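Below, each chain spelled out in residue letters.
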Amino acid sequence: MSVQNLKCKECGTTYDLGAHFACESCFGPLEVAYDHSALDPAEVKRKIQAGSQGIWRYADFLPFDGRPGDPLEPGFTPLLKADRLAERLGLEAEVWIKNDAANPTHSFKDRVVAVAVAKARELGFETVACASTGNLANAVAAHAAAAGLDSYVFVPSNLEEQKLLATGVYGTNLVGVRGNYDDVNRLCTQLAETRPWAFVNVNLRPFYAEGSKTLAYETAEQLGWQLPDRVVCPIASGSLFTKVGRGFQEWLDIGLLEGELPVFNGAQAQGCSPVATAFAEGWDVCKPQRPETIAKSLAIGDPADGPYAVEQARRTGGAIDAVSDGEIRDAIRLLAETTGIFTETAGGVTVGVLRKLAERGEIGAGERVVVYITGEGLKTLDATRDSFQMHEIDPALESFEAEFTQEVAV
Amino acid sequence: MPVTVKIPTQLRAATDGEAELEVSGATVGEVLDAVFEAHDGLRERITQDGDLRRFVNVYVAGEDIRFQDGLATAIDDGAEVTILPAVAGG
Chain A
1 MSVQNLKCKE
11 CGTTYDLGAH
21 FACESCFGPL
31 EVAYDHSALD
41 PAEVKRKIQA
51 GSQGIWRYAD
61 FLPFDGRPGD
71 PLEPGFTPLL
81 KADRLAERLG
91 LEAEVWIKND
101 AANPTHSFKD
111 RVVAVAVAKA
121 RELGFETVAC
131 ASTGNLANAV
141 AAHAAAAGLD
151 SYVFVPSNLE
161 EQKLLATGVY
171 GTNLVGVRGN
181 YDDVNRLCTQ
191 LAETRPWAFV
201 NVNLRPFYAE
211 GSKTLAYETA
221 EQLGWQLPDR
231 VVCPIASGSL
241 FTKVGRGFQE
251 WLDIGLLEGE
261 LPVFNGAQAQ
271 GCSPVATAFA
281 EGWDVCKPQR
291 PETIAKSLAI
301 GDPADGPYAV
311 EQARRTGGAI
321 DAVSDGEIRD
331 AIRLLAETTG
341 IFTETAGGVT
351 VGVLRKLAER
361 GEIGAGERVV
371 VYITGEGLKT
381 LDATRDSFQM
391 HEIDPALESF
401 EAEFTQEVAV
Chain B
1001 MPVTVKIPTQ
1011 LRAATDGEAE
1021 LEVSGATVGE
1031 VLDAVFEAHD
1041 GLRERITQDG
1051 DLRRFVNVYV
1061 AGEDIRFQDG
1071 LATAIDDGAE
1081 VTILPAVAGG
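These protein sequence lines are chains A and B, in that order.
If you read the first sequence in the numbering used here, its first letter stands for residue 1, the second for the next number, and so on.
If you read the second sequence in the numbering used here, its first letter stands for residue 1001, the second for the next number, and so on.
A portion of the hints provided could be inaccurate.
[Unchecked claim] Residues on chain B that point at chain A, a partial pick, calculated with CB under 7 Å: (1) 1009; (2) 1010; (3) 1053; (4) 1054; (5) 1055; (6) 1056; (7) 1066; (8) 1084; (9) 1085; (10) 1087; (11) 1088; (12) 1089; (13) 1090.
[Said to hold, decoys possible] Negatives, chain B to chain A, calculated, CB over 10 Å: (14) 1004; (15) 1016; (16) 1017; (17) 1023; (18) 1025; (19) 1027; (20) 1033; (21) 1034; (22) 1038; (23) 1039; (24) 1040; (25) 1050; (26) 1074; (27) 1076; (28) 1077; (29) 1079.
The set of hints was computed from the structure by calculation and includes no laboratory data.
A quick note: this is a predicted structure, and the numbers were derived from the prediction, not measured.
Beta carbons are placed, not taken as given, at the ideal position from N, Cα and C, and that holds for glycine.
Let's have the full structure, built from the sequences with the hints guiding it.
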C-alpha cells in the first residue's frame, strides 16, 4: 500500500487519512503522503497500460488502497498537437493542447471531484458539498447524483447562467451566495465545522487536490512516457498548478520518467491576479484581491496554494503572467480558429499567456510546450458574444449572392 | 469593550474545547493578545515573529482584515472576530 497519511506542508506534522485539511500546529495545508519505494517502474507502467481509460488507471498514485468504484470516471482526455496555433504565434516549438473540457461535466474539476467523492463514500459521508466558481459546482452535482449522494453546492449568485443551469439540472441543492467566491469559501469553511458533510474543497481538500496529478500522468503517458519542456497552466487557487508539478515529480522520483521538471508558466486574469502579483513583486505570500474579471472560474482573490505556485514557478525557471479581459476574448478566438477547440474564459487566460510568452520570445525553437485547457466554451458564452457577425439572408439564391458578391466569384 | 472571538475546530485543543471566547480590545492585535493571555498555546499556532502565520485568515464582521488595517483594524463594540484556516477552496 503506497498511501501513508496526511502531512502538513509547512511543519511536517502527520495526521490520519480522515477529513482533515489544516494543521492544528500551524494551520498549514495537509497533503497526502505516499511511500512509492516498493513500486517497480516497469510493473507500474504495465499496470497503467492495462488499466481503465480514465483517471483510475493511476490508482497507485491516488489516496486509496485499491481502485474505488466510479460510475462517472473522468480523464484520458485528448492531447492534441496544435501546429496551426504554433504557426500563428510564430513559434518553432511543438505546441500541444491538453483538452480537459472533454470530461463528463466539461472541465478538469471532474478529476478532483471523482477522487473526493470516492473518499467521501469510503469515509461514510452521505452528503457532499463545495464552494465553487462554477465548474466545480457542475462536477459535484453530477458526481453526487451518479453516486446517489445528497449534495449542496455554494456559488456566487452572479455566476454565468450556463454554469448555474448545468448545475441545477442534476438535482442538487444549489445555493447562490450574495458575495464573491472568497465570501462563499469563508462561509463553507464555517459550515464545514458544524455540518456532517464532505466539503470536497474544504475538509476533503487534501484528497480532492490529488486528482489534479492525473493531468500530469496523462500528459507524460500521451507524450510517450516523456516530459514536456514547458507547461502553461491556469492559476485560481494554485492547486492544479502545483499538483501537476507534483505528479511529474512523483514519476521522476520512481524512475518512470527521466529528465527534470518542465518550466512552469502560470496564467491569471489581470482582474484577479494575486499570484502573478506576488511573483512579480517577489513576495512569498499573496495579498488578497477583490476579483473583477470575465474569467470567473479563476476569480479567487485569496488563493490557498498561491505561495506554493509562486515557489514552483521560480524553482522551474518559469513565471506567472496575467492577461486583460480583451486578451482573454481574443485568445478564445485564436484557439478556436486554429485548433477547433472552443474553451471558456479560463482557457482564454491560458492561451493569452501562451501568446504573451511567444511575443516575449521566451519559447525556444524545438521546445515541447503543453497548454492546459481546463474548461468548455459553452459555459461562458457571453465572452464570445459580439465577436463576429452572422450573415442574415432570405431563403433565395439572389439574397445569398447579394450578401456574398465578392466572396463567391464564379 | 467586549468582543466575541470564534475559534476554529483545529485550535480548540488549545482553548479547552471552547468554540467562542469573550475578550476585550480596541484592535484585532489587542483582541488576539487578550486571547493569547487566556490560552497561551494559541500564540505559536497562529503567529510567527509577531505576525499572523501565512495560512491564517482573520475576519472582523465577515471582512478579511487584510482588506482593512491588518492587526491594527479597529473593532466596534460587540463585533465578532473569526479565525479560520486559509487553505480551503479552489
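- Query: Is it correct that the beta-carbon of residue 1016 of chain B has no partner in chain A closer than or equal to 10 Å?
  - Reply: 14 Å, holds
- For residue 1040 of chain B, which was marked as not at the interface, is the minimum beta-carbon distance to chain A over 10 Å? 14 Å, holds
- Under 7 Å, Cβ to Cβ, is where residue 1010 of chain B needs to be relative to chain A, so tell me if that hint holds or is violated. Where the cut-off is 7 Å and the nearest Cβ of chain A is about 5 Å from residue 1010 of chain B, the hint holds.
- Item | Interface hint for residue 1054 of chain B, Cβ within 7 Å of any Cβ on chain A | 5 Å, holds
- Taking the minimum C-beta separation from residue 1079 of chain B to chain A, is that value above 10 Å? Non-interface label stands for residue 1079 of chain B: nearest chain A Cβ at 16 Å, farther than 10 Å.
- Item | Evaluation of the interface hint that places residue 1090 of chain B against chain A, nearest CB under 7 Å | Because about 2 Å separates residue 1090 of chain B from the closest Cβ in chain A, which is inside the 7 Å limit, the hint holds.
- Does residue 1089 of chain B pass the interface check with chain A, least Cβ-Cβ distance below 7 Å? Given a least distance of 4 Å, the restraint on residue 1089 of chain B holds.
- Task: Beyond 10 Å from every chain A Cβ: check whether that's true for residue 1038 of chain B.
- Result: The assertion about residue 1038 of chain B holds, with a minimum of 18 Å to chain A.
- Per-residue hint verdict: residue 1009 of chain B, partner chain A, C-beta under 7 Å: At about 5 Å, which falls below the 7 Å cut-off, the nearest Cβ of chain A leaves the hint on residue 1009 of chain B intact, so it holds.
- Item | Whether residue 1027 of chain B stays farther than 10 Å from all C-beta atoms of chain A, as the label says | Given a closest Cβ separation of 20 Å, the condition holds.
- Query: Against chain A, does residue 1039 of chain B keep a CB gap of more than 10 Å to every residue?
  - Reply: 14 Å, holds
- Non-interface claim for residue 1077 of chain B, where every Cβ of chain A lies beyond 10 Å: The claim stands: residue 1077 of chain B keeps its Cβ more than 10 Å from every Cβ of chain A (closest is about 23 Å).
Violated hints: none; the structure is consistent with every hint.
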